[in-house]
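Colleague: Sequence:
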Amino acid sequence: MAMVRIDQLQARRSSRSSLPSAAAVTARRSKNGGGYQDFYSNKCVNITSAAVIGSSHLQLWTRSIHCNDRTNNKYSLQSAASFSTTHRRGRNKSPPRFSDDSTVDELVQIAHDNLDVMTPMATAALWNKISRQLSKRDGRSVNQRGAGKGDSRQNARNIDDIFQHTIDGLMKFNTRELTQTIFSMSKITAALRKQGSRRGEAGHKRILRGLLLSKDIAPNENVFRFLAGQSIGKLDQFGARHLSNLAYACALINYVPEFDDGSDLFDHIAKQSVVNAAEFEPQGISNVLWSYATVKKPLPPIFEAMGDQWLQ
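Residue 30 in this note's numbering sits at position 30 of the sequence shown, and the numbers go up by one each step.
Read the hints as simulated data drawn from the structure, not as lab findings. Here a beta-carbon is modelled for each residue, glycine too, at the ideal position from N, C-alpha and C. Be careful, since some hints might not be right.
[As the list claims (entries may be wrong)] When the alpha-carbon atoms are kept at most 27 Å apart in a straight line, the in silico BS3-like pairs for lysine-lysine are as follows:
#: 1; residue 1: Lys234; residue 2: Lys194
#: 2; residue 1: Lys129; residue 2: Lys234
#: 3; residue 1: Lys234; residue 2: Lys296
#: 4; residue 1: Lys172; residue 2: Lys187
#: 5; residue 1: Lys271; residue 2: Lys194
#: 6; residue 1: Lys129; residue 2: Lys93
#: 7; residue 1: Lys194; residue 2: Lys93
#: 8; residue 1: Lys215; residue 2: Lys271
#: 9; residue 1: Lys136; residue 2: Lys172
#: 10; residue 1: Lys297; residue 2: Lys234
#: 11; residue 1: Lys215; residue 2: Lys194
#: 12; residue 1: Lys215; residue 2: Lys129
#: 13; residue 1: Lys187; residue 2: Lys215
#: 14; residue 1: Lys172; residue 2: Lys129
#: 15; residue 1: Lys234; residue 2: Lys136
#: 16; residue 1: Lys136; residue 2: Lys194
#: 17; residue 1: Lys215; residue 2: Lys296
#: 18; residue 1: Lys187; residue 2: Lys136
#: 19; residue 1: Lys172; residue 2: Lys271
#: 20; residue 1: Lys187; residue 2: Lys271
#: 21; residue 1: Lys194; residue 2: Lys297
#: 22; residue 1: Lys187; residue 2: Lys296
#: 23; residue 1: Lys271; residue 2: Lys234
#: 24; residue 1: Lys172; residue 2: Lys215
#: 25; residue 1: Lys234; residue 2: Lys187
#: 26; residue 1: Lys271; residue 2: Lys296
#: 27; residue 1: Lys187; residue 2: Lys93
[Unchecked claim] Estimated spans, in silico, between C-beta atoms of each pair:
#: 28; residue 1: Asp116; residue 2: Asp308; range: 43 to 51 Å
#: 29; residue 1: Lys93; residue 2: Arg198; range: 34 to 42 Å
#: 30; residue 1: Leu299; residue 2: Asp113; range: 43 to 51 Å
Throw the hints in and build the complete structure from the sequences for me.
Modeller: Now the structure itself:
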């Protein structure tokens, strides 16, 4: 297991690696000292160690968070093996169900209270419900309901825990769960960009904005490149619906994840879509063609395959 210094990680990030820095996923660059600043409070975060585990592309990240009270809290982004261990500890409980009537804060609280039994299916369902709340036309998610600063801070920590739980378990997700999670995170990103940052906005919006958007309100490339990297190894298992939804999710935020070999996610989706062309229905064909046109990737093979399928 090779150890990687932070300067090497920064070099990888600048070379558009398909394995992003977890620091960028969960922390922002601090203005002083070149450190990192936690997105839900003024805690200084120093990356103490990072290891890349072989060809599995799993990363183990350890963060030391120096709090204002000079105590140390430990957070880690662990391998997918910890995801199974968590479920074994809570095997006598059932995964939670999420209602469309729940606010974002209520959804987050329910998920965090049951984090030990949050299966991939339940995790994907949670992000789907959150995306639906934030995508409501009036921009409201029936939020906060009088929550104080202490509640908002705790809610931020809960979202942080849920996000890390999601990242930890992605390798356990099947194609449907993975696509639903990526699609939901894209919808959340699109909704937050459309609504813009507002003074006094709900705490969950601020924390999600810090996770999924960069400072210039562009999608957080590190997050979405990581999600795309998890999809590549399973694309041969994707059906037509999941392929079209994956392309649509990236087009929704107008971002095409690129990989070290010079290819991008849309290149891989096109190849698999041509293979699965006979499975595509009109809605899927429409989604694929719109997605490729939106991100300006006019690849002739997929347009020809979708056109032939449309005429049949």
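Colleague: Each hint needs a verdict: does it hold in this structure or not?
Modeller: Quick rundown of the hints versus the structure:
no.: 1; hint: Lys234 - Lys194; result: 31 Å, violated
no.: 2; hint: Lys129 - Lys234; result: 25 Å, holds
no.: 3; hint: Lys234 - Lys296; result: 25 Å, holds
no.: 4; hint: Lys172 - Lys187; result: 22 Å, holds
no.: 5; hint: Lys271 - Lys194; result: 32 Å, violated
no.: 6; hint: Lys129 - Lys93; result: 21 Å, holds
no.: 7; hint: Lys194 - Lys93; result: 38 Å, violated
no.: 8; hint: Lys215 - Lys271; result: 34 Å, violated
no.: 9; hint: Lys136 - Lys172; result: 30 Å, violated
no.: 10; hint: Lys297 - Lys234; result: 22 Å, holds
no.: 11; hint: Lys215 - Lys194; result: 15 Å, holds
no.: 12; hint: Lys215 - Lys129; result: 25 Å, holds
no.: 13; hint: Lys187 - Lys215; result: 18 Å, holds
no.: 14; hint: Lys172 - Lys129; result: 20 Å, holds
no.: 15; hint: Lys234 - Lys136; result: 32 Å, violated
no.: 16; hint: Lys136 - Lys194; result: 12 Å, holds
no.: 17; hint: Lys215 - Lys296; result: 24 Å, holds
no.: 18; hint: Lys187 - Lys136; result: 11 Å, holds
no.: 19; hint: Lys172 - Lys271; result: 24 Å, holds
no.: 20; hint: Lys187 - Lys271; result: 25 Å, holds
no.: 21; hint: Lys194 - Lys297; result: 24 Å, holds
no.: 22; hint: Lys187 - Lys296; result: 20 Å, holds
no.: 23; hint: Lys271 - Lys234; result: 13 Å, holds
no.: 24; hint: Lys172 - Lys215; result: 31 Å, violated
no.: 25; hint: Lys234 - Lys187; result: 22 Å, holds
no.: 26; hint: Lys271 - Lys296; result: 17 Å, holds
no.: 27; hint: Lys187 - Lys93; result: 30 Å, violated
no.: 28; hint: Asp116 - Asp308: 43 to 51 Å; result: 49 Å, holds
no.: 29; hint: Lys93 - Arg198: 34 to 42 Å; result: 38 Å, holds
no.: 30; hint: Leu299 - Asp113: 43 to 51 Å; result: 46 Å, holds
Consistency note: the structure conflicts with the earlier hints numbered 1, 5, 7, 8, 9, 15, 24 and 27.
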